[in-house]
Structure formats: C-alpha cells, structure tokens
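Spelled out from the first residue to the last, the chains are:
Number of protein chains: 2
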Amino acid sequence: MFESAEIGHAIDKETYDAEVPALREALLEAQNELKAQARFPVIILINGIEGAGKGETVKLLNEWMDPRLIEVRSFDQQTDEELARPAAWRYWRQLPAKGKIGVFFGNWYSQMIQGRVHREFKNAQLDQAINGAERLEQMLCDEGALIFKFWFHLSKKQMKARLKALQDDPLHSWRISPLDWQQSETYDRFVRFGERVLRRTSRDYAPWHVIEGVDPHYRSLTVGKLLLEGLQAALKAPTEPLHQSVAPLGHSLDGKGLLDSLDLSQQLDKDDYNDQLVAEQARLAGLLRHKHMRRHALVAAFEGNDAAGKGGAIRRVAAALDPRQYNIVPIAAPTQDELAQPYLWRFWRQIPARGKFTIFDRSWYGRVLVERVEGLCSTSDWMRAYGEINDFEEQLANAGVVVVKFWLAIDKDTQLERFEAREKVPFKRFKITDDDWRNRDKWEQYREAVEDMVDRTSTEVAPWTLIEANDKRWARVKVLRTINEALEKAFKKDK
Amino acid sequence: MFESAEIGHAIDKETYDAEVPALREALLEAQNELKAQARFPVIILINGIEGAGKGETVKLLNEWMDPRLIEVRSFDQQTDEELARPAAWRYWRQLPAKGKIGVFFGNWYSQMIQGRVHREFKNAQLDQAINGAERLEQMLCDEGALIFKFWFHLSKKQMKARLKALQDDPLHSWRISPLDWQQSETYDRFVRFGERVLRRTSRDYAPWHVIEGVDPHYRSLTVGKLLLEGLQAALKAPTEPLHQSVAPLGHSLDGKGLLDSLDLSQQLDKDDYNDQLVAEQARLAGLLRHKHMRRHALVAAFEGNDAAGKGGAIRRVAAALDPRQYNIVPIAAPTQDELAQPYLWRFWRQIPARGKFTIFDRSWYGRVLVERVEGLCSTSDWMRAYGEINDFEEQLANAGVVVVKFWLAIDKDTQLERFEAREKVPFKRFKITDDDWRNRDKWEQYREAVEDMVDRTSTEVAPWTLIEANDKRWARVKVLRTINEALEKAFKKDK
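Read top to bottom, the protein sequences are chains A and B. For the first sequence, position 452 matches number 452 in this note's numbering, and the numbering has no gaps at all. For the second sequence, position 293 matches number 293 in this note's numbering, and the numbering has no gaps at all.
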C-alpha cells in the first residue's frame, strides 16, 4: 500500500515555481464555481504519519485558495458536550455546508487508528469502526459530498530524520511531536493498522490518495492537482447525480399487509384509561430520574396518519415529566441551513445528551414517507435511506440512546370523522389544512410506504411499535407503556 | 416589593375549574397565532424562592399550551464549551426563534443572585450584572422579543412549610431542595438581593411579575392570564414597532471628516514590505502560541470600501498561522435561521473559544453601514445598534477576547482603477458585481456612515483602526502590526 510512497519522489524548484501560478488560479476559479453552484460540499480528510507535512499542506491550500471558503476543523480532545452524545455527533456538527470546503484534521480515521495503536481495542473493533466510516462516507457521497482522503506518508527512516529536523528548527521546536512517535514500535503499528484501514476504505466514491511527504514541492503539487481534478470533474458533472435504475420493492403476493393485521377496534374505557395513564406516567417519571438514566438518553419518534392523535399522545408523555428533562422537536419543511447539509444533519443536531429525552413530532422517516410519496426526492434517495436510517439508529443505540418509534394508525373512516370534527371547532381549525385532504387521497400510497418502512427499519436496536389509534385512550396508554418497557429493558441490560 | 405576595392569595377550586378551560383555549389560540405570524419570539424568565412552584407552573404551561412550540431551557453547570466563551454565549445559543416560546430556568438573574447570596462578589459587581441584564433585555425587546419575568414568592414561614411538605411527599422526595435553602440566612439574603435586582430591572418593556406561590390555583391562573394578556396585546400590535422619531446625528460644522484626515499616500516599497511582512507574521505566529493566549481569544473584524483589499489583508494574516488556530467567517446576507433571531445572534454563534482566533470578513457593523445606507433597517434600528455593539464588544473584552477592528480606506479614483483592473482579469471578474458599482454611487453616504460608526464605536476596549489602503503593502503590514500590538497590550495586562 505504501511502497510507492517511500521511493523518494521529488520535484525540482523550477518545475514547481513554473507550475504553481496556473494551479493556484485554477483552484481559485474552481472554488468560486463551487461557491456559486452551492450544490455540494467538499470534505478533505487529512491523515498519515507525523511529520509528513499534513499541517504544512493544509496551510498551503489556505494560501493558494480563498481561505474564507475553507473551514479547517481539528478534532482533539472531545468536549463534555461531545462526550455526552454518540461519537459521530462531533463530526456532524462540523460538516461544511454546500459550496464550502471543510478540512478535517484528526477525523474518524485518526481516532480509530490511534485507538488500535494504543491497544484500546482489538482488530474486531477496528473493523467495526472501519465499517462505520465506510457507511458514513457512502452516505455523504450519496448526498452529493465530494470527499478527498489524503494519507501523508514517510518511511520510518524518513520520519526519524524529519522529527529530528523539526526539533532543531527554532521556528518549529514549539511543536514537538507527541512523544510516542519517537518510538519505533509506534511507527510500525501505525503503518500496520493504517494499511488495514486504507485497504478497506478506499472506494470508488472516496478513494485514498497516498502522498509521499518528504519533498514539499512534490507533495504540495500532487495534492493541489488531485484537488483541482476532483473539483473540476465534480463541478462539470450533471446537476442530478446519475441514478442507477432501482429495482422495485417486492410486495406480498396475497395482498395482506401489516397495517391490515392491526386490530383497530381495541379500546380502553374511561376508568381503565385514567388509572393506567396515571400509573404509566408515574412509571415514566420514575424511570427518567432513575440513576441508570445517567448512562442513557431517550429518543421517541412519532409518525402516524394525519389526525391519528400524535399531538395528544405527545402531550400525555410530556405531562408526566419535568419540562427541563425533555425537548420536543416538531419537524416541518427544512430551513435553508438544513437544506445545505445531508438529510440526517437536522436530526443529529437535536440528539439529546445523556440523561435527556427528545421527542420528535415527525422524524427522519419523512424521507421514506412524505418525500417518497410526494416525489420530493429521487427513488434511489429514499431507497438508500432505509440503510442510512438503520445506521443512524444503531449509532444512537450503541451510545446508550434508547430509541422508540411509533406509527399511530387509524382507519380512513376515523380520519374523516376527525377532519370534519376539527373543522367545526374554531380553535382546532388550524390543525386541518388542504395538505391533509390531499394526503388523504394518497391513502394507499402512504400505506405502502409505511409497510415498507416498518419492514426495512424495524430492528432489534430500534423496533417500530404500531399503535392502534382509533381509540385515543388505548393509543396514549400503549405509547407510554412502550416507552417504559424500552427503558426498563435498557436498564436491565446495564446490570 | 414582596409585601403583597405574602398575604395568602388563594382561589377556590370551583372558580379555578370554571376559568381554566377558556384560558387554555385562548392560550392555545394565541400560541398558534404566534407561530403563524412568526414575527417575534417570547422569552419567559422564571425566578424566585425555592418551593414557590416554579417547576410546577412551567409544567402546567406545557400542559395547557402546545409543548411542541415551547422550549424549556435550564442553565445549571456551565459546560466546558460555555466556560471557554463570554458568559452570555450560553443564553444567546438558546434563544427561541421568532414564533416560539423559550422558558429560561436558571437565567442571568439566578446566576447573579446566587453569586451575591454566596458572597462570590459584592454589590458593585451585582449592579454591573444588573446593568448588563437591562441592556440585554432592552436589546431583545427592541428586536421584537416579548419578555415575561416571573418571580415566584413565598414568605419565610411559607417556604419552610413548603419544603417540609415536599420532603414528606413520596412523589417529590427525590427532588429535595438544595441544602442551603434550609438555612434561614439564605432566605434572607436571597430576598434582599432579589429585591435589589427586581427594583432595578423592572422596566416598561419587560416588567417583573411577583406571584405569590402558596396556592397553586392562584399562581397558575395568575401566570396564565398574564401570559395571555401579554401575548394578545403583542399579537395585535402593528407589524412595525412604533418608532420614536429619531433626532438626526449632528455633523461637524467645518465639513472636515475623519476619513479626509487620513494620509492615503502612505506606502511601502517592495523590500521594506517583504521584510516587515515576514517579521509581523512571525510575531503574530509567536503571540498566538504564547502561553498567555490560553486566557484570551482574538476577534478581528474587517470592513472597508469595496476593492480596498480586505481579502488580501486577511490572507496575509492567515498565512502567518496554523489553519487549525483560526476561522474566517465571511458575512453575507443572513440565512432564514439567522433572520429568525436578534441581529447580533449570528455573530455570537461564531465567537471563538479561548485560545482561538476568528476573522470576520465584514461584520456586525453591516447594521450601521450597508443596512443604514440601503434602508434595510429602520433609523432607530441602526441608531440603537451603536450602543448594542458597544455592549457586545465590552462583553467580549471582559471575557478576555481581544477585539480589533479595521476600516480599510481607499479613495474614489483608486477604487475605479481596481474595479476596471478586476474586470479585465478572468479569474477576478467574480469579485466585481453590479452591487459594487451601485455602492460606488453612494460613496458620500457610506463616508458619512463610516465616520458616524467610528465616532460612536471606537472604544477603549475595542478601538477602530483606520487603514490607509491605497497602497496594499502599507495596509497589510499595518493590519498585522495592529493585531500584534493589541495582543501584546492584552498580555502585558495579564502580568
């Protein structure tokens, strides 16, 4: 993997000086075009051997291009806000918006390689991290991002010479490399595990570029040209990514569906409801202040037919709690800032810290429901969303977040009754819009989308719960009970 | 101040039950109107005596209204990200957007009263904090926010009884009040300093409401009605706030202006430039990695005539540094999310943590420059901006942020030369837009705005530096030298 980056590549000063002006001009032009199109972000990952010119190269890129459109992010120590959330949160919060370039020093690769080098975990866990990185990058590319991955390399001999030179240079001595790099074993392990990582994560959509770091002219020119070529190609690409033709999702041949199998006639009488509601609310209040909750967070996503009673169910959940513990996030059309980011960014923004509870009133499932049915995204966009969402929820679960997801189901007649009732009550009229009536006409399409969604995203770590919601009392109690059971199950596992 | 909140106000259950349904309905309607107008945010500050029903009331408001449009924020321990920035940053980052309601538990008032009660500082500092709060609220109200300030009160006897009752209640015993409330002296000091704070911060635009907290019916109904009345009045108010007629800014009678007094002929020859540039860059690099920098952050704001060379000067500053240390923020038209917040919010977002450096390419001064000249805000908006900006910068300075501000000045002929030169170079053409030519026609209006700006916002803590920029070399070196001197001055004071 690294052989050809240890052979002493070099470019003489004259060639360098002759080539740089045109390269700079072209890079600047590409950068302005990137900003003007504002169609995709550029993410540059910087990794490799200590002393191989990572920092110098990034500095140079900032000089060559317009630094106002480059965001350089270094990920050192996690802050306490980052430590209280899933590991990827720190990267999501720093993603560059469309039209910008983000340079990530100390990204997910350095984190996993460092961890393995220092024996914090074994290869099996390294491979898990590798798979996670692959899925993240695949998703970012599918969302349009252009990713460059640079590995700056030095042979062991070159590195030792370089560290020595840096140490002797008064302008650099303040930046003495971490002590462990002085050790021969660190280099060996770093290269060994680096090789494993590069081998598995070099993909057509985000290949690694291994750059020999000894000669500054060589490495600078190489990086600059790779960037330029990649940028120009992406800027010329058609506005819409070319979609592979997508095979349709199969459906059950006997016409039976999951939603049909629900017994919507289930109900609770008023007394049972009052007793059970109070009991479940007290149980939830107790669970959320349980000491185990310090290791967990709670996320509840509410989806359902229009007028199925999401708002009412959410209010019954909230009523159990101290308002300082929870946060309700209503999901509407994305804002400008949100549209400039990958689809899941707006949800990552809202992920609760440990000990907290976030309720999503509609959720990331909009991608495979309304966006699918209304044609707001392409078929391949919503098709790949199933996997992306499963990844997202698995990351939450791995970080101790308990994820519960509800589909509140009513039948078509019940919906009609409720629409008509709402239109009669002045202060409820705002709840019914033309959109609701239009959605109703697409009842069958939504049913299909819901069934596909549940089939593909009901997982062990984040199962769907279908709620029979023709009877609001039944629905509210079942929602609360489901949350309570999920928390108790998670707490039990802690022991 | 608190006398009438110790007389045992109470409302019987029947009256309460009879009044609540209509109140709830009206509150819900007002809340929906608030969301529909999305014209202003509502900020509810919750303060007062322990056990007086603060938490219960907020919980009730969440039940009565639509909790999806209420954001409850509690400010307990500062996170390390908050501790690394000016104190107010934590409040700015949690401000509700227009159309939303934000409930602030543990806000600036609790912080200052707690501090004084526990003898962390004396009255003089308390009064400074009070003045800061006043200015913050004045600004929020001028930006359209509707602020409610509730003080929940109990007499000492009532409080003791209440704490006892809470302790005996199994449903509440988990929430035993902080130990210090058990002490009689804490109550006395809390009430004494609370009285001082309320007395000085009850203003027409944001008055305090003292609520006796003993009887839940009384306090709930009182708060609900106050909220409703305030909301309804604000929703009915004309879209544009009524502006007091604003006295014009006076100008010097002899026609002499600050910008005329600049000697724009100053220049540096190429050799001097190269020497001095390299020297100042090295000095800056050294200062930013100086150990004193750990206590400071650096903010540089660049303003200037179009084509005055802001971008070039910023690049020369950046070139001195490791890209991980700085962040360049180009200021363009505000996004949707930014428009939903007070004017200064987008700049607060970007305030660097200690040890870091943020460069603003254009800045908050847009308010008194382009927005003033182009009529993008009302006269009273930009008139009050001078004071708001001085407050903002003083807060930065008090937190150790070194603030430097540059106006890069060129004359009209030089601008014309540069515009024409840019239009000839293909990869610079993007830098010239129709806007630039239009701005040029308003040269005199901009000159007036700049002179007013410098007169009113060049302060000891954040002085303006006018840069003679006809000669780019002169300008770049002066910019770097000014930053270096400001840092050295700040470091000297640390000793």
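Fair warning: there could be bad hints in the mix.
If several chains are the same, the list does not tell them apart, and a pair holds so long as it fits within one copy or across any two.
[Said to hold, decoys possible] Quick list of in silico lysine-lysine cross-link-like pairs, BS3-like style, CA-CA up to 27 Å:
no. : residue 1 : residue 2
1   : K270      : K424
2   : K428      : K256
3   : K356      : K98
4   : K59       : K98
5   : K424      : K236
6   : K424      : K256
7   : K356      : K424
8   : K492      : K442
9   : K412      : K495
10  : K59       : K428
11  : K59       : K270
12  : K98       : K428
Treat the hints as calculated values from the structure; they're not laboratory data.
Okay, the hints, checked on the actual structure:
no.	hint	result
1	K270 - K424	within (24 Å within a copy, 80 Å between copies)
2	K428 - K256	neither (35 Å within a copy, 64 Å between copies)
3	K356 - K98	between (31 Å within a copy, 25 Å between copies)
4	K59 - K98	within (22 Å within a copy, 40 Å between copies)
5	K424 - K236	between (55 Å within a copy, 25 Å between copies)
6	K424 - K256	neither (36 Å within a copy, 70 Å between copies)
7	K356 - K424	neither (38 Å within a copy, 58 Å between copies)
8	K492 - K442	neither (42 Å within a copy, 71 Å between copies)
9	K412 - K495	neither (45 Å within a copy, 75 Å between copies)
10	K59 - K428	between (58 Å within a copy, 22 Å between copies)
11	K59 - K270	between (69 Å within a copy, 24 Å between copies)
12	K98 - K428	between (39 Å within a copy, 22 Å between copies)
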